Amino acid sequence: MREFRVRVEAIVPHGSDGRVREFALAPLPGERLPAHEPGAHLFVHAGPAINAYSLLGDGILPDRYRIAVQRMDRGGGSNWMHARVVAGDILTVAGPNGTFSPVPDARHALFIAAGIGITPILAHARAAVRWNRPFSVIHAHRTPDPPLLDELAALAGDRLVRVRHRNALREAVASALRCQPVGSHAWACGPAAFLDWFLDEGQRAGWVPERLHVEAFAAPVQTANEPFTVSLRSSGRRIAVPADVSLLDALDGAGVRLPRLCTRGVCGECAVRVRAGTPDHRDLILGRDQRATASVMYPCVSRARSAELELDL
Amino acid sequence: MPPLTHPAAADDIAWPPRTSRPEWPPSPPALPPGATAWTLLSLGSPSGEPLARWRRDLAAMTPQPPASVVEIDREALDGWLALLPLWFAAEAARNVVGWRIAVAGEERAVLAVAAAARSAGLLPTEMVLHADVANGKRVYCPSCSAVTDAAGDDRVRCGGCGRLLVIQPHCSRRRGAYLGTLVHEAKEPGDA
Numbered sequence: 155m156r157e158f159r160v161r162v163e164a165i166v167p168h169g170s171d172g173r174v175r176e177f178a179l180a181p182l183p184g185e186r187l188p189a190h191e192p193g194a195h196l197f198v199h200a201g202p203a204i205n206a207y208s209l210l211g212d213g214i215l216p217d218r219y220r221i222a223v224q225r226m227d228r229g230g231g232s233n234w235m236h237a238r239v240v241a242g243d244i245l246t247v248a249g250p251n252g253t254f255s256p257v258p259d260a261r262h263a264l265f266i267a268a269g270i271g272i273t274p275i276l277a278h279a280r281a282a283v284r285w286n287r288p289f290s291v292i293h294a295h296r297t298p299d300p301p302l303l304d305e306l307a308a309l310a311g312d313r314l315v316r317v318r319h320r321n322a323l324r325e326a327v328a329s330a331l332r333c334q335p336v337g338s339h340a341w342a343c344g345p346a347a348f349l350d351w352f353l354d355e356g357q358r359a360g361w362v363p364e365r366l367h368v369e370a371f372a373a374p375v376q377t378a379n380e381p382f383t384v385s386l387r388s389s390g391r392r393i394a395v396p397a398d399v400s401l402l403d404a405l406d407g408a409g410v411r412l413p414r415l416c417t418r419g420v421c422g423e424c425a426v427r428v429r430a431g432t433p434d435h436r437d438l439i440l441g442r443d444q445r446a447t448a449s450v451m452y453p454c455v456s457r458a459r460s461a462e463l464e465l466d467l
Numbered sequence: 036m037p038p039l040t041h042p043a044a045a046d047d048i049a050w051p052p053r054t055s056r057p058e059w060p061p062s063p064p065a066l067p068p069g070a071t072a073w074t075l076l077s078l079g080s081p082s083g084e085p086l087a088r089w090r091r092d093l094a095a096m097t098p099q100p101p102a103s104v105v106e107i108d109r110e111a112l113d114g115w116l117a118l119l120p121l122w123f124a125a126e127a128a129r130n131v132v133g134w135r136i137a138v139a140g141e142e143r144a145v146l147a148v149a150a151a152a153r154s155a156g157l158l159p160t161e162m163v164l165h166a167d168v169a170n171g172k173r174v175y176c177p178s179c180s181a182v183t184d185a186a187g188d189d190r191v192r193c194g195g196c197g198r199l200l201v202i203q204p205h206c207s208r209r210r211g212a213y214l215g216t217l218v219h220e221a222k223e224p225g226d227a
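Chains as they are written, first to last, in our numbering: chain A, 155 to 467; chain B, 36 to 227.
Warning: the hint list may mix true and false statements.
[As the list claims (entries may be wrong)] If you want a taste of the chain B side facing chain A, the calculated C-beta under 7 Å gives, among others:
{"#": "1", "residue": "130"}
{"#": "2", "residue": "133"}
{"#": "3", "residue": "156"}
[Said to hold, decoys possible] Some chain A residues well away from chain B (every beta-carbon gap over 12 Å; in silico):
{"#": "4", "residue": "201"}
{"#": "5", "residue": "245"}
{"#": "6", "residue": "296"}
{"#": "7", "residue": "307"}
{"#": "8", "residue": "322"}
{"#": "9", "residue": "335"}
{"#": "10", "residue": "356"}
{"#": "11", "residue": "360"}
{"#": "12", "residue": "389"}
{"#": "13", "residue": "393"}
{"#": "14", "residue": "410"}
{"#": "15", "residue": "443"}
Don't read these hints as lab results, they were simulated from the structure.
These figures come from a predicted structure and were not determined experimentally.
Note that the Cβ used here is the ideal one computed from N, Cα and C, for glycine as well.
Hey, can you work out the whole structure from these sequences and the hints?
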């Protein structure tokens, strides 16, 4: 993934609680910003972390990138973005990429945004308006003045359904999933627990996995780990991965350095092919339906279900 | 980077190479669970066995999804196929996502329905297809774009432009038809 630098052109606070700030990022003089698909995210070197932020534009000949950063108050990259970055600063970014892409021949698009999950949905709605593709949007929010909702409402008009709170969202989505025209696809962005529910509910409503698209707005929460062993196909060398060390770090320790960027299962840079054994996929790149058959794994977050994995290294 | 999936790694291509010619197993596949509604089509199937099997599959599901059944016998098939695109669009319009189709019978009819379904927005994973008799092929003419029913497997004269076409072992899922290529018919020496 190409890294490049951008200049922070403007910072706009959203909402009354100040938790979300929008950053407008401009190319350096003489440079151009890469185009991207609607729903793509940009990796931003944000102090202690490299965070992925959805781009608000539809990606056609972008003269600016817009991202909206919600402060998480966990001392991570989003806090750094709020506390340290001022207009005129130069940021290092990479991408854009992502798998939350439109399906051009979808007969209808159902977009679902929970909270700050509005960011990639805004890009999708913008593209749907530009290309005159039929769509509808369900947006859920808790605060009275949710970020970017005015902009989404202006694009979507009466195609927007606004709901408050979790149960109302689930009710609205459950009923929408049961009345979409044949050939529809659905895209949802929100907290991981909501997305899990959305995939299950879609399946209950008879949707095949290919029609359901999700983008989580936070890296997955890592669960308890077990130690395991990997062997390298080229040399037969075996490397132990302790419970509290990622596979990527264990490989580093053994002198096997893979490319990387986010180290949180989002960017896909550290992909490695698995030759034997069963990986425990914990990334956000592989869809739930792809995990059983995927021949690659992302060692920054993923581990092993079998005691040993053979890697194509 | 797009995820790679196995089993067929890109460098492990089976020999002989696959063609796009469909292959049908001897017995119809089972209907998968998960759909909210089915349309079952039996189109000139000589035995009717696929439809019977699929009805048993549905009866064994809980809850049992609603199904509508379309049975067209061999004599009526050509007329039905002529109206298929319109019929299918109407059928798709009165259904919603969650609907699946299962189609059995003559290969040309199964492929034609699959093409109409694809055009209506269904994905391959939302169709169960099973041809239990060949009975000719639909052949696409690359010269005039007409699709002609061929009785045999070898050659057909295009119903659109009259050219003689060789039927190739290449089947377009989108058109539901095999590719025809032009035969350069024997000419007298000295003809231009």
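Status of the residue 156 of chain B interface restraint (C-beta, 7 Å, chain A): holds (2 Å)
Are residue 130 of chain B and chain A close enough, Cβ to Cβ, to be under 7 Å, as the hint says? holds (5 Å)
Does the claim that residue 335 of chain A lies outside the interface with chain B hold up, using a Cβ gap greater than 12 Å? violated (7 Å)
Checking the smallest CB distance to chain B, is residue 443 of chain A really beyond 12 Å? Nearest chain B Cβ is 10 Å from residue 443 of chain A, so the label is violated.
Would the non-interface assignment of residue 201 of chain A survive a Cβ cutoff of 12 Å against chain B? Non-interface label stands for residue 201 of chain A: nearest chain B Cβ at 26 Å, farther than 12 Å.
Please settle this one: residue 307 of chain A was flagged as non-interface, so is its CB more than 12 Å from every CB on chain B? holds (26 Å)
Can you verify the interface hint for residue 133 of chain B: is its Cβ closer than 7 Å to any Cβ in chain A? For residue 133 of chain B, the interface hint holds, since the closest Cβ of chain A sits about 3 Å away, which is under 7 Å.
Does residue 296 of chain A clear chain B by more than 12 Å, comparing its Cβ with all Cβ atoms of that chain? holds (29 Å)
Nearest-CB test (12 Å) between chain B and residue 322 of chain A: At about 22 Å from chain B, residue 322 of chain A clears the 12 Å cut-off, so the statement holds.
Mind verifying the non-interface call on residue 410 of chain A? Its CB should be farther than 12 Å from each CB in chain B. Consistent with the label, residue 410 of chain A stays out of reach of chain B, its closest Cβ about 19 Å off (over 12 Å).
Test the statement that residue 360 of chain A is away from the interface with chain B: the closest C-beta pair must be farther apart than 12 Å. Non-interface label fails for residue 360 of chain A: nearest chain B Cβ at 3 Å, not farther than 12 Å.
Beyond 12 Å on every Cβ pair: is that true for residue 389 of chain A relative to chain B? Its Cβ never comes within 12 Å of chain B, the nearest being 21 Å, so this holds.
Going down the numbered hints, you'll see the structure goes against 9, 10, 11 and 15, while the others check out.
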